[in-house]
Amino acid sequence: MKNLDRRSFLSLGAAAAASTALPLHAAPSASAGNVKFVFFTDTHIEPELNGGEGCAKAFARIKSLKPEFCIQGGDHCIDLTSQPRERSMMLIDLYKKTEHILDVPVHQVIGNHDVLGTVSKSGVSHSDPLWGKKVYYEKFDKHTYYSWDHKGYHFIVLDTIDINPANGDYRPRIDADQVKWLTDDMAKVKAGTPIVVSCHVPIVTGVPAYVKTDYPYWRVENAYEILPMFTNHNVIAVLQGHTHVNEVVYWHNIPFITSGAVCGNWWKGSHWGTPEGFTVVELAGGRVRWRYETYGFKTVSPEADPYPVVEHPVVPGSRPFSNESPL
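Numbering (the numbering used here), first residue to last: 11 to 337.
Treat the hints as calculated values from the structure; they're not laboratory data. Not one of these hints is a red herring.
Cut-off 25 Å, straight-line C-alpha distance, at most; resulting in silico cross-link-like pairs (DSS-like, lysine-lysine):
id, residue 1, residue 2
1, Lys190, Lys143
2, Lys149, Lys107
3, Lys107, Lys46
4, Lys144, Lys107
5, Lys308, Lys106
6, Lys144, Lys106
7, Lys107, Lys143
8, Lys67, Lys149
9, Lys190, Lys200
10, Lys278, Lys107
11, Lys46, Lys106
12, Lys106, Lys143
13, Lys106, Lys76
14, Lys308, Lys73
15, Lys222, Lys278
16, Lys107, Lys73
Distance ranges between label pairs, derived from CB positions:
id, residue 1, residue 2, range
17, Phe79, Val310, 28 to 36 Å
18, Tyr317, Pro226, 20 to 28 Å
19, Val310, Val199, 41 to 49 Å
20, Lys308, Lys46, 26 to 34 Å
Backbone N, C-alpha and C define an ideal beta-carbon position, used for all residues, glycine too.
Produce the entire structure from the sequences given, and follow the hints as far as they go.
Right, here's the structure in full:
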């Protein structure tokens with residue numbers, strides 16, 4: 011697939027929801043510096059379908075952009091929930107080895123495929139020391155939700171995967187303990203500080219509007235508990251994954267930026283009009299801009315896309331559709 015820049019790639023969601031206006035509350039901040047980072051998500055690495063090579067190619071491209079750090083938006087491996095334990099460990103090792111290509115700090119986000127043996131056919135016992143989220147604590151990060159400060163910005167990572175310890179079922183929720191933590195964390199942030207939030211399952215998304223499916227897990231179920239906190243603080247962007255669609259939806263002038271997947275359609279081409287890629291984010295003076303980049307992966311097992319990628323010519327004098335907000 012041809013590598014598409016922002017002048018030729020029109021994502022499905024961006025066409026409907028992108029805006030060149032900055033969020034009204036994202037006022038310039040003298041104390042906030044310049045930051046460039048990459049949000050990449052849904053790598054779903056596997057040795058099959060050239061998934062390992064695809065991740066390596068994406069990471070090499072990301073490294074060439076010289077970001078200060080990266081945020082991995084979840085679903086590191088093709089799946090850990092239903093795979094035998096031995097294969098899951100192999101997939102984790104493959105991911106971690108490949109991630110070294112980036113050569114920058116990577117902040118991790120847990121995805122619904124990042125929990126071990128929660129589907130019975132995996133054969134993994136509930137008593138296994140790595141069952142469920144324990145594998146994530148051991149192999150990726152000791153915390154599934156956390157925050158940090160950098161150059162005048164406050165970054166928050168949320169855990170949108172709520173596992174039932176009795177049967178391993180998951181719901182896309184932010185549990186009560188985390189809601190309390192988030193309330194306390196945001197209360198400590200100095201008024202006016204620009205905040206960037208990252209999570210796996212979208213808090214706000216338009217996917218159910220244009221996808222014919224009964225799948226109930228497209229968005230966080232209790233978003234109504236979270237959104238008032240965002241409007242009461244200077245949240246300048248929410249970065250999301252899970253849907254494999256490049257999409258921007260504004261809610262109360264906050265851009266909810268869902269990134270397409272590194273793996274596209276699980277290494278079988280584009281997914282609902284979004285090719286394989288990642289999102290480059292630039293912060294400056296409390297403002298945010300972003301762009302979606304592809305990296306030239308060629309699938310060996312193409313699958314028809316109901317919303318194929320369309321390249322739109324730029325008419326002289328017109329402004330192309332873009333999911334990039336100007337500084």
